[in-house]
Structures are given as structure tokens and as C-alpha cells.
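Once you have looked at the hints, place chain B on chain A.
Here's the letter readout for the chains.
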Amino acid sequence: MTDAGVRSSISRLRTAGLRSGRRPVGQNVGRLGVTLALAFVVLAAGAGYWQVWRAQELSTAPDDPAVVAAARHVVRGQIKDRTGTVLATSRKDANGEPYRVYTDPSMSPVIGYASRFFGTAGLEHTYDAQLTGVLSPDPVQQLLAKFQGNRADPQDLTLTISLKLQRAAQRMLGDDKGAVVMLDPSTGEVLAMVSGPTYDASAVANPATAQKAFARLQADKDKPLLNRAVQGLYVPGSTFKIVTSMAALSSGAITTSTTYPQQPRAEETGLLVSGFRIRDGHHPFTDGRALNYPEAVEVSCNIYFALTGLRTGGARLADWAGRVGFGHQIPFDLPTAASQVTNGGGKFGGGFKDAVEVANAAYGQAEVLATPIQMALVASTVANDGVEMKPQLVRSFSSDKDGTRTVGPQQMADVLTPDVAGEIKSAMERAVEGDFGKLFTPGAAVPGIPTAGKTGTAQLAAGEPHSWFIGFAPVDHPRVAIAVIVENAGHGASRAAPMAGDLMKLYFDTFGK
Amino acid sequence: MTNAAAPARPALPPIAFSGIRPRARWREMWLLLIVALTLYVGSISLGATEGATAGKALTLTPAEDQPLAIYLGALLLAHLAQVVAGRRTDQVLLPAVAMLGGISLLLMERLPQSLVSQSFGGLDLGLGQVQLLWLLLAIALITILSIVVRSDSWLRLYKYTWAAAGIGLLVLTFIRGEDVNGARLILVIGPFSGQPIELLKVIMVVFLAGYLSEFRPLLVEQDTRVGPLRLPPLPYLAPMLVMIALALGIVVIQRDLGAALLFFVVFLMLLYVATARAAYVVLGLLLFVAGSYLMYRLFGVVQDRVDIWWDPFKDPSGNGYQIIQALHAFARGGILGTGLGAGLPLVGGQPPIPAVHTDFPFAALGEELGLVGVLAILGLYLVVIERGLRIAAAAADDFRALLAAGLALVVGVQAFIIAAGNLKLIPLTGITLPVISYGGSSILANAVVVGLLLALSDKGVEPPPPPRAGRRFARLRDAVGGRAR
Chain A
1 MTDAGVRSSI SRLRTAGLRS GRRPVGQNVG RLGVTLALAF VVLAAGAGYW QVWRAQELST
61 APDDPAVVAA ARHVVRGQIK DRTGTVLATS RKDANGEPYR VYTDPSMSPV IGYASRFFGT
121 AGLEHTYDAQ LTGVLSPDPV QQLLAKFQGN RADPQDLTLT ISLKLQRAAQ RMLGDDKGAV
181 VMLDPSTGEV LAMVSGPTYD ASAVANPATA QKAFARLQAD KDKPLLNRAV QGLYVPGSTF
241 KIVTSMAALS SGAITTSTTY PQQPRAEETG LLVSGFRIRD GHHPFTDGRA LNYPEAVEVS
301 CNIYFALTGL RTGGARLADW AGRVGFGHQI PFDLPTAASQ VTNGGGKFGG GFKDAVEVAN
361 AAYGQAEVLA TPIQMALVAS TVANDGVEMK PQLVRSFSSD KDGTRTVGPQ QMADVLTPDV
421 AGEIKSAMER AVEGDFGKLF TPGAAVPGIP TAGKTGTAQL AAGEPHSWFI GFAPVDHPRV
481 AIAVIVENAG HGASRAAPMA GDLMKLYFDT FGK
Chain B
514 MTNAAAPARP ALPPIAFSGI RPRARWREMW LLLIVALTLY VGSISLGATE GATAGKALTL
574 TPAEDQPLAI YLGALLLAHL AQVVAGRRTD QVLLPAVAML GGISLLLMER LPQSLVSQSF
634 GGLDLGLGQV QLLWLLLAIA LITILSIVVR SDSWLRLYKY TWAAAGIGLL VLTFIRGEDV
694 NGARLILVIG PFSGQPIELL KVIMVVFLAG YLSEFRPLLV EQDTRVGPLR LPPLPYLAPM
754 LVMIALALGI VVIQRDLGAA LLFFVVFLML LYVATARAAY VVLGLLLFVA GSYLMYRLFG
814 VVQDRVDIWW DPFKDPSGNG YQIIQALHAF ARGGILGTGL GAGLPLVGGQ PPIPAVHTDF
874 PFAALGEELG LVGVLAILGL YLVVIERGLR IAAAAADDFR ALLAAGLALV VGVQAFIIAA
934 GNLKLIPLTG ITLPVISYGG SSILANAVVV GLLLALSDKG VEPPPPPRAG RRFARLRDAV
994 GGRAR
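In order, the protein sequences belong to chains A and B. Take 1 as the starting number for the first sequence in the numbering used here and just add one per residue. Take 514 as the starting number for the second sequence in the numbering used here and just add one per residue.
None of these hints come from the bench; they were simulated from the model.
Computed from the model, here is a short list of chain B residues facing chain A with C-beta under 10 Å:
no., residue
1, Gly-856
2, Ile-866
3, Leu-884
4, Glu-899
Here are some chain A residues the structure puts well away from chain B; computed CB gaps all over 10 Å:
no., residue
5, Asp-200
6, Thr-256
7, Asp-287
8, Pro-294
9, Pro-474
10, Gly-490
We treat Cβ as the ideally placed atom computed from N, Cα and C, and that holds for glycine.
Looking at chain A on its own, in the form it has when it is part of the complex (with noise of 0.2 Å):
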């Protein structure tokens, strides 16, 4: 082809344009120019409405990977004993990322854990902003603050409990199911909180075994992560006579020295009560006397507290029952069960359902479900000359920045008169150190130390019975209250009785008598 080939090939192609009428593709190109400019506005506009409108939602969100981050990265303060004993502390992993171990399983149920994947329970979970440094009531925004520069101010938190009496009150609690709760009945600082089974919570914190060890306690059916302590509702059995007996004492119901003339024979053909026999074990040492208040309790009579209550009266013993905490959660560092003396919605007066319940009832049975902790504060109202303080697990906050914080003690309820409280102590003293009271409850003395309390034998639907044991000591100044249940042991002499023994023991060894 030569050149004026390409010449004239070019010109029939630019004529053949013209001829055709076309418009020149440039054109076209123009208008799909502008079209792609729409398509990216609408792109701007999309960036705009996730990066603008719906910024703070988003980044603030609990799941944004940055909150996540930023409560991953924190190192939680520590938690130690009365002591001084570290019970948790923080590793890092190979990401630099760390993680909780915990010192002693006993400590579990109080303590909980804190994981990556499973979130927080117990104390981490209360106290899981004192522990990141985290204390605005925005707590994201405080997160992503800390995040983006400031360095989080986690705090130290120093617990009431005592190592040395949770590892001993673990070990006698042995593989059994049960919870034991040991308090100072002056302050209200709980020295032991033990819930069997326990677990090891270092395996649900640690990221590498966590998947595993949490699904395997999850599947558990003796159910290890329910803190029996604060969460077990148990029928209490005969040591719920205490909160009868602050009912009908203070009430005016009785004195110490009212008797039943009945009661002697209704040990022997039972109680009727609206056409239903109550039935009691005859207690043949007492020669087939009407007791008085006290005997009653050195004995244990179930016929006595029966007759009381029904003279108490439903209302008044649901009232009494509330004032020292039963119908509601007792506020505490960790969530508690609501204790009740009935299902409720009864006509009987107090939500009884009618005069059996309440008989019933007046010894613990019936309807009656309380947690461990209250009945400790049960026992540590009566020996605390019927002041009710608010149980605490921690004593003191401490952290670099604000340095120590002392959480003091704090009255919860006035619940008896010095006297009445003294009339239920010295009953207490009896059934523990009474002779009597020996044969009901042996091993629960504190040798040397003068020691009140009462048993409990929880008679279920089924199985053995539970074994109670609530209690303190000395009697004059007390200075440590118990309460100890161990599920389907049998007796209240049998196992718990002991157990508080040699626990009240252990603290006088330990604290000084």
C-alpha cells in the first residue's frame, strides 16, 4: 500500500462516517463519563453515611473489634486475700495479649473468671471497671478513651476472705455438694464463701483451654458454676427456728418461758393442725414435760415451734422472715437468690396458703428455701445483737493513681432488741454447749471458746437430708458467724455441725481467741 493508499483509505473512512449519519463514539463516551461520576457519588454518599451518621453507633457498639481490643488489652488489677495472698492475676499470651490465672480453685466461686470468649462472672464481673481502670458511667466511651492513648488505671482489689478458712473449708467440704459461709457478724466481711463442686477457673481464662474446660462445666450436672453459696436455694430445716424465733420474741408472741400443754402428747400422736398431722420424734429425755423456749431449741422440738408459729401467726412471721432478708435479693458483691418462707399468694395472712403451711413452715419445711448466706446472716444477726450488716467480700479498692480505698462496714438492718437477741443467744449457747444440746450437736463446740448454734436436718421429697449447721462464736463478743450445708449428708449433727466446729476453730487458731 503506499502512502496516498492510506490517504485516501483514511478520508472513505472519515466520508463513510459522515454518510452513515453517526454520531462520533466520543460523544457516547461523554455520557458514560458522566453516568460513572453519578456511580461514585453514590459511592461517596454510601462512605459518608457509615463514616458520618452511622460512626458513633458503630465504633462505640460493644462488639467493635477496637471496644474488644481495648478491654483485651487491659491488664485487670489483682485480686488478693485478707492477706495479702494473690488469688488472680494476669499472663500475656503470644499475641501480648493477657489473660487471667487464678491461684486457688476454692476461690472460684467468688472470684468467677475472666475470659476472652465467655465474658466475666462473679467478683470480675462486679468489679470488672475497677479492675480495667474503667470507672465512667459510659464505659465504652471511657474504653476507647483508654484505648487511644491514656493508659488505663486498673485497680488492686483486696478481699475479706481468708485463704487459709476457704481452703480449709473447701478440703472438709471434700467431693460433697454444699456451700459453707463464714462472716465476721461486727462488720459484715465475709472470711469464707465456699460452693461445692468448685472449678478451676484458670482453665476457663486461659484462651488455649477455654473452649474446652468451659463446655465440659457448662455440661456438668452437679452444675460447679451456680455459687451455692449465694444462689443455692436449700430448705433450711431447723435452723430456720432462729428466724421463727425473732418473730414470735420480738413479736410478743412468746417469752422464753411459754409452754405448750400439748405438746408433750403431740410428740407421741402428732400435731393436728386443721385435720393434718404434724409429727415430730419424741424427745424421751425430757420426761414428758411441756418445754419452755429455750429446751425447745437445746432439743430441737419441731412440735414447739409449730404451736409458735401458728401463735405468731402467718403475717407476722413473713414480716420478721423480710426484715432480716427473706423475700428479697440481699444486696452483695455477688447476684443472690431471693430466701422465702412461701410460694406466696396464699390467704392465710404473710402469703401462706393456709395453718399447715405456717405450722409446717415454723420448723423449716413447707415452702421454706433460703441460701447458705442467709442464714449465715441469720446466725450473725442474732450474735451481732441483732444488728444486720451488709456482708462485703471486698475491703479495699487500691491502684497507682488513687492509691487505697477501705470499703467500710455498713449496717443493713435493725432487726432485734439487745434482749431478744440475747434470749435467741443464750438458746443457741444451749443447743450447742447444753446437755442436752451436746447430744444434738456434737463437735460444733469451739474448745475453750463459748460457741452458739443450731442444727438443721432438711427432709426432702427424696433422698437423705440435707445437713445444716448455722452458728457463732464466742458467745458474749462474737466474732465469727457460720453457716454450713452439705447436701444429702444426713443429720445436721451429723456433717455440718462438725464442719463448723473445726472451721470456728481454725479461725480462732488463726485470728487469735
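Structure of chain B alone, referenced to chain A:
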């Protein structure tokens, strides 16, 4: 060749080195200087953030100056090569693409390097280093194509051959390919592996440009009359529709929905450019709606994608996880961004978005550069589109115009599809963000696009062959191996 310097030369061989005369490219130089400065500032910002994260005192030194220096050095060489070659090619395209590549380099340096590990002859390279390697190859490819390609006949004349090669590549991938996330995407031949779909999009544009330019007069002027209806000339459309349907079908069977969408949209847009007939677009959209509905009913994967798009928060830790994480990333970025290196909080040592370097670099940049950065990146793509369409508008003939427009569209539409997917404007599909996403196939394919666009932008290239009859003659001539002198 007797008279090489004559303005209207007879047909040159497709590759020519004669007549080289250096020509300064001030505009490109200044723009590249701005790009270099911007990237350097970005690198300093990244370095400061990384230093602060590591607990060091604030320093204003770049994160890792070596990769950026190498990258900028390669750009300088590319610029000098253009100057020496003296072609009158576009001076804005390279800086715009270089900026996108530089952003990619900074992002890949900043992401966890363990996302990618490759070893070349005993040398273990992480994400940033591998990406740098691809970017350098891309710059080389752009430079070579833009300087060396002086004729388009090798594209123009063999459109059916290209189409066949493309289909063959797809079939080969389908038979021999390896699966990625349920889509058959990767072809391994000997030591090389790649995503053929990236190359295929270029081949498709070449075919469409060739076919549409040849049949344009017919497509524009003739109708198929069915009773009172005036329909497009179906017989002329048929071969192309078959080809496209075949490609789409295979892509759909391979579960690569992003590529299918890209191909279809580019096809429709080129059809419109060629014919300016709205009827085609309407017909195409109707087909699209019907096809989408059919696919939604037939393919579980399409259903999943659409459901996730409609309500990702229904399954926030499962199917919806990725897109929700992307949206959180945009939200964290806000208007000004967290700053390079300060976003993407690591949870368990992992960035929150799983495929951040391939599918979600836009979200990562949205977080670290903010809305401002997002707008800048979108602007850069618009610049690339604008340059491509400008080249198309100024092209000497229909084939070049359609080729240039198609190449620009391939980049622009792909960027739109993945960006819109990241922003939950449309269902998410796993295609790359051109030039920014990690990956050799994608970066090299886009380099081919840019290189060809640059070559096409030179008005001094061989004039296009005469249409129709002349072209048939030329094809015959080429077939017997002779060339007119």
C-alpha cells in the same frame, strides 16, 4: 522501511524502536513529585504510629523507607523512560495509578506481614515485600507497553482468536483450577499461579472493541422487525451474545459472581458507547434483572450473598461477620480516619477483617484515612476513568475508541463493584480493588490496561487501517504472512 521520519508512515511493524526522540514531560514530572511527597508523608505518619504503638518516642522517620524508596525510584525510571522514548502519551494516567499503587504499598506494609508469605529462591517475603515486587513488575509492564506498542493490529485483527484464548483459559481454569472460598479462581501452571479472570477481562474488552467496531454501522442502523416492533439487529448481535453468555456462564459456574457482574456491566456500557441506543441498555437491564432473579433462585451462593447484604446483622458472627467488620472499620475511621497504622485493632493478633488485603483494602483505608481518604481514592479512580474516556474520545477510529473506553471501564467498574460491596451498597463479591488489592494477577492485568491506554493515547501511532474492505484485505495479507512495504 525507507522513510521512517515521515509523518504518515506506511504500516509499521507492531513493535518499533525507530524514530526515538526524547521529549520532556513536565506535567507528569510535577504530578509524580506530588505523588512522591504525599506517599513520603504517609510513610512518616505510618512510621510515627508504629513507633508509638511499640512504645518508642515520637520520631518523624518513615516506617520502612526502603520499599517506598525503591517504588519511587522505579516510578522515576518509568518517567525517564517515557521522556527518552519521546512518545506523546498521556501524562496524568501514570501519576494517578502510581498514587493508587503507593497507597497499596503503604497499606500492605502496615497490615500483618504474615497474611502472605512466599519464598523466592530461599528468600522469604512477607505481604509488603511481595506486593512491592508486583508493583515493580507492573511499572515495568506499563512502561514497556506504553513505549513499545505502536500498532493495534495485533489486537484488532485477531479478536476471535483472543476470544477463543480467553474462553480456553476459563475452561482450563474450570478443569484444572483450584478453589478459593468455594469459587474456582486460581490456575496453576508449573511454577506460576494466577487468577485468569483478571487477564480475561482485558481479553474481553479487546474482543468487544473489535467486534463492536466492525459491526457498529449495522448495529446502529438496522433493525429486526417483528410485526410493529423495531428490535436491534439480532443476527449481528448473536455471535457476541453467545460469546458473552458463554463467558458469563462459565464465570457463574465458577461462582465468581464479581467477575460475572463486571463482564456484564462492561459489555452493556460498551454496547451503549458503540450504538448509543438506549434500547440495548434497557434490554440489557431487563436481562440482568431476570438473570439475577434466576441465579438467586438457582444458586445457594447467590442467595447467601444477597441475604447477607440485605441483613448482615442477622448472623453477625457467621455469614455477616466480614461485611459487619468492614462497616465497623468505616465507622471507626470517621471523617479524618485513625491515621495510617492506627486502625484495624488486633484481636487475638489478627486484624478484625479476615481478607483485608484482597477483598477489603477499601474498608481498611476507609478506617485509617477516613472519609477524606475514601473520597481521595474514589477521585483517583475517577481520574483514571476520565483519562481513559478522554483517550477514547480522541481516538482515531472506533476500535481504538471502544478499546480505550473498555479498558477504562474495566478499571472503573471493578473499583465501583468492590467499593460498593465493601460499603454494603450492593451484595459483596470477591473481586479486587484495582491496583490497591494485594495480588499479582490483578496488579499485572491492570498494568496491561494502563500500558495499553498510554499507548493508545499517543496520536503519533500508526493510523488505523481502513474499515471493512481494506481490513479484510489486510487480514488476508497477514494470513499469508506478507506485509506491504
